[in-house]
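A.B. asks: Take the given structure of chain L and dock chain Y to it, following the hints.
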Amino acid sequence: GENVEQHPSTLSVQEGDSAVIKCTYSDSASNYFPWYKQELGKGPQLIIDIRSNVGEKKDQRIAVTLNKTAKHFSLHITETQPEDSAVYFCAASNGLSGNQFYFGTGTSLTVIP
Amino acid sequence: GAGVSQSPSNKVTEKGKDVELRCDPISGHTALYWYRQSLGQGLEFLIYFQGNSAPDKSGLPSDRFSAERTGGSVSTLTIQRTQQEDSAVYLCASSPLATYEQYFGPGTRLTVT
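In order, the protein sequence lines correspond to chains L and Y. Under my numbering, the very last position in the first sequence is 974; numbers go up by exactly one each time. Under my numbering, the very last position in the second sequence is 285; numbers go up by exactly one each time.
In case anyone wonders, no lab produced these hints; they're calculated from the structure. Among the clues, some could well be false.
As the list claims (entries may be wrong) - If you want a taste of the chain Y side facing chain L, the calculated C-beta under 10 Å gives, among others:
| no. | residue |
| --- | --- |
| 1 | GLY175 |
| 2 | GLU216 |
| 3 | TYR220 |
| 4 | SER230 |
| 5 | PRO233 |
| 6 | PHE237 |
| 7 | TYR275 |
By construction, the Cβ of each residue, glycine as well, lies at the ideal position given by its N, Cα and C atoms.
If we strip away everything but chain Y, and leave its shape as in the complex, we get:
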């Protein structure tokens, strides 16, 4: 079946602009995660959604970052007033209820110039 999809695959933006990154999880998966991966680094947790529960936003690095998940499916990660240090690959993963397996999308490579 279809896996996790993310769009766009690449995004180049100017410093100070806002960007929106989209994630379409696997159908039926109730949990959705956003991670940031800087060049040569591990995965940095950003935010976690589980069903209708309040999201765990503990990993968001600043108030310029926010995320929504509409209808328990598609999620959008928004970065306002982008900075050069925001340049990274942003990965989305989804997970079915009651299991721990995460399935990752291909990521969005964000470059802030």
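Chain L with its partners taken away, still in its complex shape:
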């Protein structure tokens, strides 16, 4: 089955700096890669996703890049703000096997004002 690894587990950045979180996956059949933000006491919220037919997607301060050859994808947050502080999860899915999703173990991001 699919195995998703996520790094780092914790990340602290100064407000205004960029943050990068990286994930690797093992199943070359995976074709959908979402990123979720989870604030304390809440469920994960989808913030951006990318499908395997593109290499990069951007939405304001958030971008995701995908390298299918190397089987890794990354989340980039620019101009970080204190409200970006949360736990971020990556995931991979191949649309098969019941559309099952495989999640990384999460990155706790702290943006220091």
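C.D. replies: Frame of chain L; chain Y shown alone:
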């Protein structure tokens, strides 16, 4: 519109008791997922429903866990003879047909004493 709702938000139960957790997906979403999130951990897949198809139960950790989805909408996750290791946040997510985006509920925090 209304998002995914879960009830109760918190549940404390004694070891050995049965519990039922409820999920109301977004109206019209055909896919429904249950996940378990232990403290500081990622999301562990439990079960997946898609329309009228047989559910994918491959993630259920033991036969004490079961889930139903009535009328293609509301779902109930039942844990029988609860154990302390069942303590976790149980998250429900729904997804519209033909897309991969998952929308999560706020979760039910289960504590087994």
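A.B. asks: State for each hint whether it applies.
C.D. replies: Now the hints, each set against the structure:
Annotation: interface hint on Y:GLY175 holds; nearest CB of chain L at approximately 9 Å, less than 10 Å. Interface restraint check: Y:GLU216 against chain L, minimum CB-CB distance 8 Å, threshold 10 Å, status holds. For Y:TYR220, the suggested interface contact is upheld, since its CB lies about 5 Å from the closest CB of chain L, less than 10 Å. The beta carbon of Y:SER230 comes within 8 Å of a beta carbon in chain L, closer than 10 Å, and the hint placing it at the interface holds.
With its C-beta approaching chain L no nearer than about 15 Å, Y:PRO233 sits outside the 10 Å limit, and its interface hint is violated. Taken as an interface hint, Y:PHE237 does not check out: its beta carbon lies about 17 Å from the nearest beta carbon of chain L, beyond 10 Å. At about 7 Å, the closest approach between the beta carbon of Y:TYR275 and any beta carbon in chain L falls short of 10 Å, and the interface hint on this residue holds.
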